[in-house]
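Chains as they are written, first to last, in my numbering: chain A, 1 to 360; chain B, 1001 to 1360; chain C, 2001 to 2360; chain D, 3001 to 3360.
None of these hints come from the bench; they were simulated from the model. In this text the structure is predicted, and so the values were computed from the model without any measurement. No residue lacks a Cβ here, since even glycine has one placed at the ideal position from N, Cα and C. Just to be clear, a hint being listed does not mean it is correct.
To be verified - No more than 16 Å apart at the CA atoms, straight line, and that leaves these computed lysine to aspartate or glutamate pairs for EDC-like: (1) A:K99 x A:D315; (2) D:K3355 x D:E3097; (3) D:K3260 x C:E2322; (4) C:K2268 x D:E3148.
Stated by the list, open to error - Taking beta-carbon pairs under 8 Å as the criterion, some of the chain B residues facing chain D (in silico): (5) S1003; (6) P1021; (7) S1079.
Said to hold, decoys possible - Counterexamples of contact, computed for chain C against chain A with all Cβ distances above 10 Å: (8) R2047; (9) E2253; (10) K2274.
Each chain, written out:
Number of protein chains: 4
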Amino acid sequence: MSSNSRGKYFTLTTFGESHGPAMGGVIDGCPAGVTIDLAEIQKDLDRRRPGQSRLTSPRNERDQVEILSGVFEGRSTGSPIGFIVRNADQRSADYDEVKKAFRPSHADYTYDRKYGFRDHRGGGRASARETLNWVVGGAIARQVLTHEQVDTMAWTQRIGTIELAKSEAKFQRIEVEASLVRCPDSQVSAQMEKAIESAQSEGNTLGGCIEVSVNKVPAGWGDPVFRKLHAELGHALFSINAVKAVEFGSGIEGSRSTGKDQNDAFQKVGEAVKTATNNSGGIQGGISNGEPVTIRVHFKPVATIGSTQQSVNQDGEEVSLEVKGRHDACVIPRAVPIVEAMVNLVLVDAMLASKISRIS
Amino acid sequence: MSSNSRGKYFTLTTFGESHGPAMGGVIDGCPAGVTIDLAEIQKDLDRRRPGQSRLTSPRNERDQVEILSGVFEGRSTGSPIGFIVRNADQRSADYDEVKKAFRPSHADYTYDRKYGFRDHRGGGRASARETLNWVVGGAIARQVLTHEQVDTMAWTQRIGTIELAKSEAKFQRIEVEASLVRCPDSQVSAQMEKAIESAQSEGNTLGGCIEVSVNKVPAGWGDPVFRKLHAELGHALFSINAVKAVEFGSGIEGSRSTGKDQNDAFQKVGEAVKTATNNSGGIQGGISNGEPVTIRVHFKPVATIGSTQQSVNQDGEEVSLEVKGRHDACVIPRAVPIVEAMVNLVLVDAMLASKISRIS
Amino acid sequence: MSSNSRGKYFTLTTFGESHGPAMGGVIDGCPAGVTIDLAEIQKDLDRRRPGQSRLTSPRNERDQVEILSGVFEGRSTGSPIGFIVRNADQRSADYDEVKKAFRPSHADYTYDRKYGFRDHRGGGRASARETLNWVVGGAIARQVLTHEQVDTMAWTQRIGTIELAKSEAKFQRIEVEASLVRCPDSQVSAQMEKAIESAQSEGNTLGGCIEVSVNKVPAGWGDPVFRKLHAELGHALFSINAVKAVEFGSGIEGSRSTGKDQNDAFQKVGEAVKTATNNSGGIQGGISNGEPVTIRVHFKPVATIGSTQQSVNQDGEEVSLEVKGRHDACVIPRAVPIVEAMVNLVLVDAMLASKISRIS
Amino acid sequence: MSSNSRGKYFTLTTFGESHGPAMGGVIDGCPAGVTIDLAEIQKDLDRRRPGQSRLTSPRNERDQVEILSGVFEGRSTGSPIGFIVRNADQRSADYDEVKKAFRPSHADYTYDRKYGFRDHRGGGRASARETLNWVVGGAIARQVLTHEQVDTMAWTQRIGTIELAKSEAKFQRIEVEASLVRCPDSQVSAQMEKAIESAQSEGNTLGGCIEVSVNKVPAGWGDPVFRKLHAELGHALFSINAVKAVEFGSGIEGSRSTGKDQNDAFQKVGEAVKTATNNSGGIQGGISNGEPVTIRVHFKPVATIGSTQQSVNQDGEEVSLEVKGRHDACVIPRAVPIVEAMVNLVLVDAMLASKISRIS
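Bound-form chain A, shown alone (with noise of 0.2 Å):
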């Protein structure tokens, strides 16, 4: 598997720079016959979008998806979905100061140690706009995982340390699009909303935590040892830039207690096997059992911070730098949607899978 590829059964490979022509893609592997709504896609890619509300960079760009090949009169033909979406409002110039001198906490000093050389404008392939192609692969996963009923919510759960408290309710999707910070419950999302705009005014970040649920998985799904379902969520969520932290279930708060305590109980609900407590978060031996997948993510506060840093430069001469370019002061409302896109790329591939793991 090549580096900016993933999946085995639903390949995505991708490319593209911040301030380069386009960013785009390949899907291969998309099974023939699904029916492809691009404004689906579309929709997906809105939310991700920079310039969104007040609360995200002001970068403007309408990331419009053009869709190259593999489908015909709306269905996928079996044949790989080449994608391109334009970078059009680039300001390059603001990353003159970054040219030479090393953003701390950026990917300015690694990638020019491992290439010797590197496009620094807006931060070249490291930039977070890469995970627009995920979007879109996510998107079309999505498609294909509703012939199984699959559905994938992720809502914010935290920023900084504003959190919703743990509840058994679940969350209607509208509740979460309704919040600027994609907070289901409206009197946390208030909060979390002055807490990025303090934050903005200060020139400070703040990081923080998603949540997902994935409803109606298939017991079955994920393949023992080095594909099991932990390993590849694992995985696809720490290819998310910024996150530092992956928990799935009960995680830390669960590793503290006891075999007795965490342990889920199977009985019967119905003629279905179902599990009295869900610690496990849906996946026991790297395969879904049937109840929810639940995962937390977290991520790291945005490196990119309004106030001038000590660092050192390509020369080695230590230097201050000031940092321009327009970046938001928290990630989280916009990696909701980037999140679900990594899950639901992780889902197909497990589904295929399941395909063909035994003899019919």
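Given chain A, work out where chains B, C and D should sit, using these hints.
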């Protein structure tokens, strides 16, 4: 990549069930000319071996590795290294009880749903006995990595709720290995031992946390986008049975802080570029920056407990189940070499990738 | 590896249908720091372009490549190189006839059976227009290979039954390109042109053979067992539409001879180890031995002929079919750069593999 | 994909050197629930075994396979199938002569150049003993393929210049196996035996050709572009030691003909769509069309000959070399089951791919 393989350049493929004739695997892509020290491999296997202390499973396995190919006159030839480890002390009859019933929070149910039937003895392929294959692979990976001075060390940071306070002090491997639970602080170690014994006596089990620090990783290892060092390490670590959370650098705590507090300023130390802090955990943009790579890996409590549990069997009947078999009350001490192995498998792959990232 | 990708280290992933908006692809794994000369890529595309002479399809395509990423200030950055080539001169209406009917010896029937339906216009994904993506990839591969002086040259050895006598004479690229059919012998070339024109006038088509010689491949490229240079080249060449046979070195003729006559004795030439003969075609045990790599690639006659044929349609009815569309009576001349591209794609992968085959 | 693995869905990974302790491998991706008949595997190994007749190498190996995992109560479990075959009758001292010198047309020189040193005993990893691993994999692949009635049969078509006339007659497997050289025509078989004995007595060796016909491959197997059935079969067959040419369908002869003569017209035979001729060899556009898949595989003469040859040694000195060791004067008869194995490995992969090519 097949489900039982990992690594693009240095590929480990494994097989084996807990109660089959043997475990084993193939390492493909080990460069020619590496000195292969069998005693070093065996030493790591001994650190993972059941029966190594009163705190671990009494299953008595010598776990002696036999190398079948790829090594000639003490050096790797570039050909695949095949190996097996015979299973010896099996008591398959212990598992008659679970032939039909599904152990809660085990892989019995999910394997059954995926494959239609299962080898029920000792968990079959889902058994943690598989991890000895990884330890063999990791031990060989380590022998390659010594060519670049890379040094991976893991230790027990927490068992249940007993934990090592965060400290800047660097531990020595000898301090870790002096402890039955692999915790380098002798006082905390003693408390942890007690906690495990107490759980044992109650038929209960504990989880915990293992910390890792990798020193001397050169700047520039790891690839962008879908082979980020985070993503590859996350994948490898979530492949370990019972791992439910993984954190890099300042992890969840860092995600509650702000960009101003978290950014790692660059500075010169002599001629070297270093960072003033290491909240990034040695990885920026998915690529190593030359600082120690720091990781925390959280394990759920062992699912096999010594008390009667409610469950369901293959025929869809509710049953109450008491599981025999010889199990650990806490896997953390034995998991330390497993975590090291997985980290080394990822790093050797990144090391090889780094050799072809630019034209020379 | 997905179906539309090839190469482990230098991976080309492609998309596009003959009558869709664009062809395109992603090259992942090109080392950083390689000078990328766009004019060189375009020159290879022009050698493959329809409409380049009276002997080729009159479809008029400029086949202008647009590089979308991965190149900065004239050099590869190590990031994936995305590219597209817009389709322009399509006449989809020409294909109304085959919307339902299956063209004999084309992919219409097999795609229909595989996917349940198909994009019938111009052969969809099965169109040889796909090969322009390979020419782009191969042209970039060649620019990497020049760092090791490797030089791949192909020419037309046979069209129908008109063939170039075997000769030890080495051809110059300029002699090949001086010929409309890319045969370096001007007399044979003239005969071949006549043969194609004669087939054209009869609504018939011809096949033929392309020879390849790769000079200055260092000894030690290629991997044992399943990545033998033979196997990788065979795979790449049999991926080309209409290729029905591939021979290495003395090929079929050599297989009729004996070991005593075929073995290539080693000898010293100055300080270099050379072979007295090159029946092995530069590859022994799947690995290059430093002699020229020699290959013969045989193409069946073009399946689109200018006469009425018996066939069957989607509804299972027998039909008689007359195919329109603008087609070549012989693809050999345009296939020469395609063969070179495939060989270069394989060799650049072997070159990168060779950098990590032993510990330094 | 690592160098010692093949197959995307049904992946065979192998290891072992001729004079090491054992050969072996791992089959990953065999669907659960397939009946695994060990006797069938052993039967194929016996067809490949040295010492099976006076015409083959007298090395005496029982080649008994031991399955180590993945099979439970006679059926595949979906877990990887590990296996080993111990090496027994080694005479490493036979190879002292070639410890430093390079045997002409063998892999000695190229391995040395690639890896810097080599296991010289019996050719090490380059030994054709590796092919027994493929026979194990292929025998299991065949047991999966019987679920779809697919039937692969190969036979000796030519040894040196003695060849079976082309015939439309279908052979029975029993006729093939009745012949010491696996040629189904008893008169031609007798001539072939004589040719081999004559070569043996002169210390010379012969090559030849194996034909394959695969019956009942359903239409729609194989993938476009880089996983065409041609390409995958070509790859697998060129992986076999000594294979120098591969032809599909009417092959080179067909490439000398015209489109009008070569096109395979579609017709109805009852309800089925069939082709009037099968010049395409059962594959169109890289995908099976339901007709028999027909292939010809040409082998060079064995490189180990019984006479003194000129060569060079590791120190760069010219030497004259006489090779001992027990070798076949012609490998064709023993290669028949190897060719079948490789074809079956490719087909089982295509069969699994076909299950996920469209949404159901």
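So, going through the hints one by one against the coordinates:
| no. | hint | result |
| --- | --- | --- |
| 1 | A:K99 x A:D315 | holds (11 Å) |
| 2 | D:K3355 x D:E3097 | violated (53 Å) |
| 3 | D:K3260 x C:E2322 | holds (13 Å) |
| 4 | C:K2268 x D:E3148 | violated (55 Å) |
| 5 | S1003 | holds (6 Å) |
| 6 | P1021 | holds (5 Å) |
| 7 | S1079 | holds (4 Å) |
| 8 | R2047 | holds (24 Å) |
| 9 | E2253 | holds (39 Å) |
| 10 | K2274 | holds (36 Å) |
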